[in-house]
Amino acid sequence: MRKEWEYLLDGVQKPARYTGGELGSIIKDKSAVKLRYAFCFPDSYEIGMSHLGMKILYGLVNERPDAWCERVFAPWVDMEEKMRAHGVPLYALESGDPISEFDLIGFTLQYELSYTNVLNMLDLGGVPLRSRDRTALTPLVIGGGPCVCNPEPLADFFDIFLPGEGEEVTNELIDLLIAHKEKGSTKLEFLREAARIEGVYVPAFYDVTYHADGTLEAVTPTETAPAKVKKRVIADLDSVYYPKQFVVPFVDVVHDRAVAEVFRGCIRGCRFCQAGFIYRPIREKSSDTVNRQAKTLCESTGYDEVSLCSLSTSDYSEVEDLIPKLLSWAPDEKINVSLPSLRVDNFSESLMEELKKVRKSGLTFAPEAGTQRLRDAINKNVTEEVVLGTAAQAFRGGWTSVKLYFMMGLPTETLEDVAGIAELAQKVVNEFYHNPDKPKGKGVTVSVSVASFVPKPFTPFQWEPQDTMEQLAEKQKYLMENVHTGKIRVSWHQPHTSFLEGVFARGDRKLCDVLEEAWKRGCKFDGWDEFFRFDAWMLAFETCGVDPAFYTNRRRDFSELLPWEHLDYGIRRAFLEEENRKAHESVTSPNCRQKCSACGAARLNGGHCDAIQ
Amino acid sequence: MQFNEVRVFFTKTGMAKYISHLDLMRCMTRALRRAQIPLWYTEGFNPHLFMTFARPLPLGVESLCESVDIRLVGEMTFREIKTRLNDALPRDITVISVAKPVHKPTEIAFAEYEIRLFSDDPAALMKAVEARFAAETLPVQKKAKQGKRRVEKEVDIKPNILAFESSLQADSVTLSVRVTAGDQNNVSPALLLEALTLNCSGVVKHTDILKRRVLLQNGKTFC
Numbered sequence: 007m008r009k010e011w012e013y014l015l016d017g018v019q020k021p022a023r024y025t026g027g028e029l030g031s032i033i034k035d036k037s038a039v040k041l042r043y044a045f046c047f048p049d050s051y052e053i054g055m056s057h058l059g060m061k062i063l064y065g066l067v068n069e070r071p072d073a074w075c076e077r078v079f080a081p082w083v084d085m086e087e088k089m090r091a092h093g094v095p096l097y098a099l100e101s102g103d104p105i106s107e108f109d110l111i112g113f114t115l116q117y118e119l120s121y122t123n124v125l126n127m128l129d130l131g132g133v134p135l136r137s138r139d140r141t142a143l144t145p146l147v148i149g150g151g152p153c154v155c156n157p158e159p160l161a162d163f164f165d166i167f168l169p170g171e172g173e174e175v176t177n178e179l180i181d182l183l184i185a186h187k188e189k190g191s192t193k194l195e196f197l198r199e200a201a202r203i204e205g206v207y208v209p210a211f212y213d214v215t216y217h218a219d220g221t222l223e224a225v226t227p228t229e230t231a232p233a234k235v236k237k238r239v240i241a242d243l244d245s246v247y248y249p250k251q252f253v254v255p256f257v258d259v260v261h262d263r264a265v266a267e268v269f270r271g272c273i274r275g276c277r278f279c280q281a282g283f284i285y286r287p288i289r290e291k292s293s294d295t296v297n298r299q300a301k302t303l304c305e306s307t308g309y310d311e312v313s314l315c316s317l318s319t320s321d322y323s324e325v326e327d328l329i330p331k332l333l334s335w336a337p338d339e340k341i342n343v344s345l346p347s348l349r350v351d352n353f354s355e356s357l358m359e360e361l362k363k364v365r366k367s368g369l370t371f372a373p374e375a376g377t378q379r380l381r382d383a384i385n386k387n388v389t390e391e392v393v394l395g396t397a398a399q400a401f402r403g404g405w406t407s408v409k410l411y412f413m414m415g416l417p418t419e420t421l422e423d424v425a426g427i428a429e430l431a432q433k434v435v436n437e438f439y440h441n442p443d444k445p446k447g448k449g450v451t452v453s454v455s456v457a458s459f460v461p462k463p464f465t466p467f468q469w470e471p472q473d474t475m476e477q478l479a480e481k482q483k484y485l486m487e488n489v490h491t492g493k494i495r496v497s498w499h500q501p502h503t504s505f506l507e508g509v510f511a512r513g514d515r516k517l518c519d520v521l522e523e524a525w526k527r528g529c530k531f532d533g534w535d536e537f538f539r540f541d542a543w544m545l546a547f548e549t550c551g552v553d554p555a556f557y558t559n560r561r562r563d564f565s566e567l568l569p570w571e572h573l574d575y576g577i578r579r580a581f582l583e584e585e586n587r588k589a590h591e592s593v594t595s596p597n598c599r600q601k602c603s604a605c606g607a608a609r610l611n612g613g614h615c616d617a618i619q
Numbered sequence: 004m005q006f007n008e009v010r011v012f013f014t015k016t017g018m019a020k021y022i023s024h025l026d027l028m029r030c031m032t033r034a035l036r037r038a039q040i041p042l043w044y045t046e047g048f049n050p051h052l053f054m055t056f057a058r059p060l061p062l063g064v065e066s067l068c069e070s071v072d073i074r075l076v077g078e079m080t081f082r083e084i085k086t087r088l089n090d091a092l093p094r095d096i097t098v099i100s101v102a103k104p105v106h107k108p109t110e111i112a113f114a115e116y117e118i119r120l121f122s123d124d125p126a127a128l129m130k131a132v133e134a135r136f137a138a139e140t141l142p143v144q145k146k147a148k149q150g151k152r153r154v155e156k157e158v159d160i161k162p163n164i165l166a167f168e169s170s171l172q173a174d175s176v177t178l179s180v181r182v183t184a185g186d187q188n189n190v191s192p193a194l195l196l197e198a199l200t201l202n203c204s205g206v207v208k209h210t211d212i213l214k215r216r217v218l219l220q221n222g223k224t225f226c
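Chains as they are written, first to last, in our numbering: chain A, 7 to 619; chain B, 4 to 226.
In short, the hints are calculated from the structure, not lab data.
Please note that the accuracy of each hint is not assured.
[Unchecked claim] Just some of the chain A residues that point at chain B, by a computed CB distance under 7 Å:
1. TYR13
2. LEU15
3. PRO21
4. ALA22
5. THR25
6. GLU28
7. LEU29
8. VAL257
9. GLY308
Just so you know, even glycine gets a beta-carbon here, dropped at the ideal spot from N, CA and C.
Chain A on its own, in the form it takes in the complex:
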């Protein structure tokens, strides 16, 4: 069977992104299933196919005989142009059917700069953008992922958000929708029941009012909605579903390898890091489970690389058991084990020895700030001695290039902290030349990557003003004046994109109109420098009468009601306030294994957290 639109693929870039048919993709008989789920990733195929969450939920839904989950990605601009010119709607890769024919259209919201792609994909699929304009029971547009911890800027477009982890609530929602389809319920009848499920947020069931100054006055639940929606947490990672097979792409995608998830949550509590708070509490898999899942995936996919996935792999309590287990079979199968997210402070000599057995990749450290004072303020408990000591150790191990990650615009940052970035990089360079056994004829490269800090919800910095673009430009200039060698290479994030990210990260429902206006003005793929159109965005804000600086550059008072406070991520507000105060005094907090700070996240997991033994 050959569909007419397949000829659109002649002449587009990397057409194998649009064909489906990859190994591991699931084909079902659509007349034999009761529910069809279009899992959408609002970015290109190469990015979306690298995402572990999609692989988990794709496998999970397709385990059910009564449901069929398919994949949808944002077509690249050349393909979109052809699709629009020929009237071809956005289709799912497995069946080739338009997304408008599906029961559930689920978007994973990984970063704020993908929001215009959500609207563009709905539009390209012939699905009305706004929830209120979709009057039938299906398709329902639902959203999950980290950005759902403040989904308010998307509230008008989605029927349901699912804060937290999706493995259980997805099945509960599917069961409910199948029942309501069979009963012939209306959308409202279904949403009323759905809102009773823990972890289901129906934005239309909340009335939002504002003070005259634009700040939030109240968020009032209506219908069956709870006052606070608790995020969902999986209690036992050893028994929760994990895929035995991945869809193996034809084209080269960003992360093209088997992935074994090691644990969820993070013990560190770095105050800038949203992931470090919203994925709490800590839950670990046993090293046997991780090892078994890694091996199964390598066998089923044919991948020659397996990567461990967590926020900080070296904090995994069984890491010293796991690595030898993996290395007992992987090298014989010509499989490379990669360990991203290693922290500098507990990068042990023995782990380094084990790592030498696998292929040498780049070494990356994330001191995040240039001075000890600022590192204390952000609770990045890494000292200069540790950074330099580890770098020296790496240089002795034969590495000649090191990557250092920093942030600029952190709360309490001064020009002295900015200069500290250049100084620390210089000390790393010096460390290389102090090594008596340094490889002959080889220089050192220290790549310094400087991201602009964006304050995020559910972090101790959620009240902080974000640096303006002018402040950031000035600091960047100052940093460059302090770099005195070509051995240090500095790269930036665009301050414009960070600004927009900041607006939407802590935005409210007034931004829904701005988002639609920007999309109408042609904004999409905002995360891609070549497509980001700052001028169009500014015109959209102006047209809607919304001041973006209200969201980014304003210090919020502790007394202010924040737009995401009707979502319960377990973390106590009082804990975040306390952490904020400590930041301003440059006082650190111990990590969760040293001492529990009673953040509150364990409350959503029956009081259990693997960091507290």
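We have chain A already, so just place chain B on it with the hints.
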């Protein structure tokens, strides 16, 4: 290390025509690994699976006659290799046979294609095709390399077309051609269509291209 060279013949049809040669190599490597066929890896710092394709297939062309050579270290019957590999390959790529290689890929001299040109007015297209092919020469710009430089040079591909038949269908014109193939004077279907000015624009809506056979200088099938 002792190994046995084995040739795997496969088809690449349907949507698999959109898999580029580079992507096909990756796909085949993974399929061979999944199939757990005992294979020879190159020695050295980064061991990789030894694998040689007879000819790269252009993007957008379907084929019934692709082949890849692999090296076996250990016993496995040809039938077993075929079964296992077919279980491990994505749909639209299918192993048809496994055999001991007879010819070298460099012995390939010709290829046969079936090219179907879809049109709203196939009768007019048929006339145009025949008129163009009747010309004494078929000059076309061909990309080539002079040392390291990339250059374009004009070549006449008329002598490279050994057989040319056209037939009329209700919605299309089908060309059956035999052209020279190999490293030296390869004529790809795209080059042939360019020389005949039958690219997808104007009267031709879209094109299906199928590679049917690869032949040696003596006209026998490459195997």
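Each hint tested on the structure:
no.: 1; hint: TYR13; result: 4 Å, holds
no.: 2; hint: LEU15; result: 6 Å, holds
no.: 3; hint: PRO21; result: 4 Å, holds
no.: 4; hint: ALA22; result: 5 Å, holds
no.: 5; hint: THR25; result: 4 Å, holds
no.: 6; hint: GLU28; result: 6 Å, holds
no.: 7; hint: LEU29; result: 4 Å, holds
no.: 8; hint: VAL257; result: 6 Å, holds
no.: 9; hint: GLY308; result: 3 Å, holds
Hint compliance for this structure: no hint is broken.
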